Amino acid sequence: MKFTASQSSLLAGLQPVAGIVPAKSPMPVLTHLLAEVSGNTLTVSATDLELSMETKVEVKGLKDGRALLPARKFLEEIREFPDVPITVEATESGRIKLGAEDKNYDLSGESVQNYPKVPSLEEKDMLVLERSRLRRMIGKVLFAVSRDELRPQLTGVYFKVSADEVRMVTTDGHRLVKIMQKHGGYKGEMHESIVPAKAMSTVARMCEREGDVHISFTPNQIGFRIGNTTLITKLIEGRYPNYEAVIPSENKNTLTLDLEQFHASVRRAAIVSNEISRQIRLKLRSDHLQVTVEDIEQGNEGQETVPCTYVGEPMDIGYNAGYVLDVLKQVDTPEVAFELGTPTSAGIVKPSEQEKDEDLLMLIMPVRLN
Amino acid sequence: MAEIRILPEQVVNQIAAGEVVERAASVLKELIENSLDAGATHINIVIKKHGRDLIQVVDDGGGMSRGDLHLAFERHATSKLTRVEDLHRIRTLGFRGEALPSIASVSYVEIRSAPRADGKATLLRIEAGNIVHEEPVAGPRGTSTSVHSLFFNTPARARFLKSDATELAHLVRVFKQYVLAYPEISWTFVHDETREYNLPSSSLLIRLEDLLGAGLAGKVLPLDFEAGGVRVSGVIGKPELARRSRGDQYLFLLRRPIQSGLLHSAVKAAMREQLDEGSWPFYAVFLDVEPVEVDVNVHPAKLEVRFADEKRVHAVLYRAVRNALPNQILDEPMGRGVGRDERVGFELSRRALAAVSQSEELRFAAEGAHLQETALREAREETPERALFRPAMFQVHGRYLISQISSGLAVIDQHAAHERVLFERAQRGFRERMFNSQQLLFPILLELNPEENAIFRELQADLAHLGFQIREFGVRTYSIESVPAGLKRASEANMVHAMIEEYTEFRRAEFAPRDALAASFACHAAIRSGDVLTPEEMSVLVDELFATQFPLTCPHGRPTVIHIKLSELDRRFKRSE
Amino acid sequence: MSTSFHSRVVGQREARARLSDAVRSGRVAHAYLFSGPRGVGKTALALEFAALLLCEREGAEPCGECVNCPASLALRHPDLHLIYPLPSKKAGSTEDDEREFAAVIATQNAALAKDPYTFLRPAKAKDVRISLVRGLIHHASMKPYQARRKVLIVLQADAMNTQAQNALLKALEEPPSNAYFLLTTENEGGLLQTIRSRCQRVRLAPLSSEEVADALVKSGVAGPQAELAAAMSGGSLSHARELSRDNLEDLQRRVIAFLRAAAVCDPVELRKVTATLLDSDQMPEQTALEFIGLLLRDVALSRIARNAARHPVTFRGFEDRIDAILLAYPEADFDAAARAVDVSADYLARGYTRDFVMFALAIRLHEALGPRTKSSTKQTRLDHA
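Protein chains in written order, with the working numbering: chain H, 125 to 494; chain V, 67 to 643; chain U, -16 to 368.
None of these hints come from the bench; they were simulated from the model. Heads up, some of the hints might be wrong.
[Unchecked claim] List time: in silico BS3-like cross-link candidates among lysine-lysine, alpha-carbon distance up to 30 Å:
{"no.": "1", "chain 1": "U", "residue 1": "Lys153", "chain 2": "H", "residue 2": "Lys322"}
{"no.": "2", "chain 1": "U", "residue 1": "Lys97", "chain 2": "V", "residue 2": "Lys377"}
{"no.": "3", "chain 1": "U", "residue 1": "Lys153", "chain 2": "H", "residue 2": "Lys148"}
{"no.": "4", "chain 1": "U", "residue 1": "Lys97", "chain 2": "H", "residue 2": "Lys148"}
{"no.": "5", "chain 1": "H", "residue 1": "Lys148", "chain 2": "U", "residue 2": "Lys107"}
{"no.": "6", "chain 1": "U", "residue 1": "Lys255", "chain 2": "H", "residue 2": "Lys148"}
{"no.": "7", "chain 1": "H", "residue 1": "Lys197", "chain 2": "U", "residue 2": "Lys109"}
{"no.": "8", "chain 1": "H", "residue 1": "Lys241", "chain 2": "H", "residue 2": "Lys221"}
Note that the structure is a prediction, hence the values are computed from the model and not measured.
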């Protein structure tokens, strides 16, 4: 394998992929980058056996072939070179030579045979989405992901694609988010999977510029191609809990509030709430809502009245202020709508008006007041 | 062809003696044990030339008659063991009974013994195992055994003796072990005409000071703990007594000095926060167990013991030391002018309190009282500026919080601190009002085995108090529908299970039922080492901690806060003031 | 059917057949517990079974050539996760420590991939770290990387502390799909009953001397040496490997000389033979004692089977010496002699001066052998051997 490329293009291409490379691993081979030259294309990939990334860089190909580059040393070395064409060569004996002008370095490599097969993307039946829309969806759901490793399914993002919509769901058992968007670009079969939250946030970061994301599926993996770069992640095993069953369909009490006003009230109440339970109380009456808070341990209390439109039975309902704030942050409309059942059952939170081609629904479980 | 020579019985004895009599110290040990066995109240030891010339032990115990004396020098004669069961009942010393003939086979022994205080004694001289002289003499009650010229007839063995200094050190070590084990006996130790030790009958603490230097008693913490048939007493040294080399670790089983890597590791583990890597804590620990629990008949020098249930002994010792430890940090505020007299008063009140109640809380109250007060004062002292301006706090290694306080640094263990907060919160929950419960979207299924189920039944009402609403779902199957509000970690799925287990542990350590539940709740609901905290969360935690009644220990008895004084830092940076 | 796969498991045919039947019939349990003494092939079998579970072809044994086999046999398959006792994490460990730690694992894994009979116990290793157990469970909860299944292995599983065992138990109670747990242990009692009851038990018996000798010869040990080491190994291949590094035939001669000197209790001679017996770096005292015990066993056996043309098990080629001992000491109490050897081994393990222990042993052997018959021609031969 041998190629020449400018220092800047090489660095730009390699850097994101190197981010995947584990700093340490019981499999030392994983601390390398897999490089493959075919014609004038250099494909660089890496995997930590969970996330894999691959990127293509245009180079001047001198000799086709594959080699492993010691990620850290190689990248640091390249970074210190001036922006000149650099020639990289893997020798028969498995050493990596890199040089430019009169600077020559010779690094020890690893046998390319030992590197695990890096998964690649199936290019048929891809879902095509605008990057900004994918980023928006991920942004709306990540907050409700669970950290409980004993329920691994909840630590991921439920991801479902069907003929006309794409859907994401997350829940930690205390709250739940479901977001759906219409799309027009998928001809494949219905697909559902649970994607690790870490991979999702990496994808969201990669979706920064304009353009499309191409998404494809295998039973065990999901891949996102963004420009020249592809991210593939292993999926979480198991079935996602039946979230539809816990979304109440008969919550008759409806509450509509000014988002800014309510958000500010809850923020104020949260400050004096008990620092551990963070509990606040909403007293719902026909023409107003009272937000009250009491921290017996510290001897703090407060209340304020928020104008609202409430249609339903008068009732008192307790919430974790943090959960309420998390949910309100996801609402982009001037008003927010609650659909409530009883003081101990799940409440629905929605924007007063949905975005075009989008449906956002959040659930929040109350705190039983004793 | 070499002439074939058969080893005579004598030589067999000599060589076998090598197993029991390794060095002068082993002779001293055997003789002391014989004296203790005889019920002595005064034991005087005379050593000459590091034990090479003379090892003499004189006691006032019940001596031996002429017949007994003869018997004592027959190999395998022992009046102590007649049945196999006796091996398991080893409350008396010297169970092997092989020592005297073994010693006599490699030395010149002169023994004078009188069974009664009637002035009639018998004197025997034995050379290399043979009785060469016998006469009735006058003498007080008791026995005096003199071992001269050890290993005179086994030059090879004599060569095994290490340097004089080493041999003497071994002799002194044996002496120290026994005088600590038997402080009620008065002892003297004379080496080459110099009286090295003169120890009148006293208590363990005074004996410690007599032996290891004045002021020692103020640097140790008493141990007093019993669980699972194992009783732990004695003292452990505060960290300042720890040394870079071994030496002052004394372990006794049924008042017999023993060595046990296992038990040493229990003490070390219990003190891990206080000790630097590689340093040796001071301790004199006495264990009492049912003799059937111990298998002692394994090592001829009787030092290594094996326990039928090693894990339990280890666990009890660990807990005993842990329980004693809150005192560790007691010392810091002492620097602020609290003199020794006050300390004594404090000790007394501690004991008084401990006597009033076995409750773990009260024990903590007693032990933590002092520092707590000071630390609380200190924590509150800064209140005005804290309200405006939170002191900088750092989380290190995802485990500890470091903060500046007026007299130095406070290092807080985030898990232990949170445990303390949750523990008291749960206790308050039981006393005052029910906890609010966070309802769950997906009820969690809980399946229990019969034992767990029985415990769960006991706890169900109290669990509800804590905020766990749990509905019966089938045979030993339940559905958890809500959990206490405001849990930081969402490990609910496993929590009730883990709590039941931990609860049993705390019960075993004699926590009251609700305290045990509160402690196990705290243990499993608390943030863990590795959880990253925001600055806001850190200051909340510290505020909450110092708002508790006993902020200095977690329910397990581990410290929550370590206080490093500015003066300590100055000293270590060699900044003289 | 020719494959490029050569099993490295010695013996244990029955267990191997059972495991490949399970795969063939599609009835693989979610957890297996391989138990048995050290060196009988628990790890070797577990690793081979892991390769079989990951193999694309699912035959009776790993095919050795699919995309999975070479990687799984080399212990670098992305769906094969292996943990075992490691030095406990130092408080306040740094990145560097962690890197060093990863290097320890890499070295150990490489040694194990090279020889599955390697006993993994890195210096200061005590527990199977709970963080590693949690990592293992995490891998189990993810979909496979490239194979159909994930295999999660815990070697020396009894070295997990209770907390770690409980964590693993949760995973065994509700095994994630396609996750297969393989545990090995020398000490089943060190595992929670609840863990044991959730595993299919695969008990491995000691290997036969022939199997061990065969395996030694294949790895380049000379025939007679291999047979000796095998006879002494107690059916443990790893023990046999250690033994085969010693010069066993020479040791046999030295052991016989020791017994001869002990028999007559000749102090000068004893001093000399003890020195030669123990005077070598490659001769651990414990091996010498073991050999003395085996010699006594051979002598005792040949007394029982005197007329049945019974051959010595270990001391082949020393029949005349054994006969001579029997003739000279008709009242010998071999039971007492064997006990004396055990006691001495215990003393040595406790750090007693080895010369003295050996002397005391000689005296006890002397006593156990009992009175000697008056000189006979055989006797002379023994004395002059």
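Given the hint that U:Lys97 pairs with H:Lys148, does the C-alpha gap stay at or below 30 Å?
22 Å, holds
For a C-alpha distance cap of 30 Å, please report whether H:Lys148 and U:Lys107 respect it.
21 Å, holds
Between U:Lys97 and V:Lys377, does the CA-CA distance stay at or below 30 Å?
The given pair, whose Cα atoms are some 37 Å apart, is violated under the 30 Å limit.
Starting from H:Lys241, check that the Cα of H:Lys221 is at most 30 Å away, please.
24 Å, holds
With the threshold set at 30 Å, check whether the alpha-carbon distance from U:Lys153 to H:Lys148 stays at or below it.
Roughly 28 Å between the alpha carbons, so the hint for U:Lys153 and H:Lys148 holds.
Is U:Lys153 close enough to H:Lys322, meaning Cα to Cα at most 30 Å?
24 Å, holds
Between the alpha carbons of U:Lys255 and H:Lys148, is the straight-line distance 30 Å or under?
Answer violated: U:Lys255 to H:Lys148 is near 55 Å, above 30 Å.
30 Å limit on alpha-carbon distance, applied to hinted pair H:Lys197 and U:Lys109
With a Cα-Cα distance of about 34 Å, the restraint between H:Lys197 and U:Lys109 is violated, given a limit of 30 Å.
Checked against the numbered hints above, the structure breaks hints 2, 6 and 7 and satisfies the rest.
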